[in-house]
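A.B. asks: With the sequence shown counted from 1, adding 1 to any position gets you my numbering.
In short, the hints are calculated from the structure, not lab data.
Ideal Cβ positions, reconstructed from N, Cα and C, are used throughout, including at glycine.
Wrong hints could be hidden among the right ones.
Below 27 Å or equal to it, Euclidean Cα-Cα: the simulated BS3-like pairs (lysine-lysine) are [what the hints assert, rightly or not]: (1) K19 / K33; (2) K69 / K19; (3) K19 / K64.
Listed next, with one range per pair, are the computed distances between beta-carbon atoms [claimed, not checked]: (4) F37 / E57: 25 to 33 Å; (5) R43 / H68: 14 to 22 Å; (6) E58 / F13: 19 to 27 Å; (7) V23 / E53: 35 to 43 Å; (8) V6 / Q54: 32 to 40 Å; (9) I22 / E53: 33 to 41 Å; (10) F13 / T40: 16 to 24 Å; (11) A30 / E53: 31 to 39 Å; (12) E57 / V6: 31 to 39 Å; (13) C15 / A61: 13 to 21 Å; (14) I22 / W42: 22 to 30 Å; (15) A60 / R34: 18 to 26 Å; (16) K33 / K64: 31 to 39 Å; (17) F47 / M11: 23 to 31 Å.
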Amino acid sequence: MNSAVELMDMGFACLVEKLGIVDAERFIAMIKRDSFDYTVWRREYFDGMTLEQVSEEAAAYAKSHPHKGKGIRV
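Please put together the full structure from these sequences, using the hints given.
C.D. replies: This is the structure:
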C-alpha cells in the first residue's frame, strides 16, 4: 500500500504527464478553490448514461489506454 505522500506524488505525476505542468497546477487550484466532491461529479456524469453506454466507454478507454503497470491478476 502506498503512503499518502507516495499517492499524491503518483497522482500529480499522472496529471503532469497528461496535462503538462501548467494545466496540472491549474487543475489542482480549481479543485482546491471549489468545494469539489469527486463522487458527486462522477455520479452526475454517469447518471445520464445507460449501462451499455458506460460499458462501451469503459471498453474504449481500456483499449486506448492499455495497462502497463505491475498489476496482479487474480
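A.B. asks: With reference to the structure, classify each hint as holding or not holding.
C.D. replies: The hints, checked one at a time:
| no. | hint | verdict |
| --- | --- | --- |
| 1 | K19 / K33 | 19 Å, holds |
| 2 | K69 / K19 | 15 Å, holds |
| 3 | K19 / K64 | 17 Å, holds |
| 4 | F37 / E57: 25 to 33 Å | 27 Å, holds |
| 5 | R43 / H68: 14 to 22 Å | 21 Å, holds |
| 6 | E58 / F13: 19 to 27 Å | 25 Å, holds |
| 7 | V23 / E53: 35 to 43 Å | 37 Å, holds |
| 8 | V6 / Q54: 32 to 40 Å | 37 Å, holds |
| 9 | I22 / E53: 33 to 41 Å | 38 Å, holds |
| 10 | F13 / T40: 16 to 24 Å | 21 Å, holds |
| 11 | A30 / E53: 31 to 39 Å | 36 Å, holds |
| 12 | E57 / V6: 31 to 39 Å | 37 Å, holds |
| 13 | C15 / A61: 13 to 21 Å | 19 Å, holds |
| 14 | I22 / W42: 22 to 30 Å | 23 Å, holds |
| 15 | A60 / R34: 18 to 26 Å | 34 Å, violated |
| 16 | K33 / K64: 31 to 39 Å | 33 Å, holds |
| 17 | F47 / M11: 23 to 31 Å | 25 Å, holds |
Going through the hint list in order, the structure does not satisfy hint 15, though it satisfies all others.
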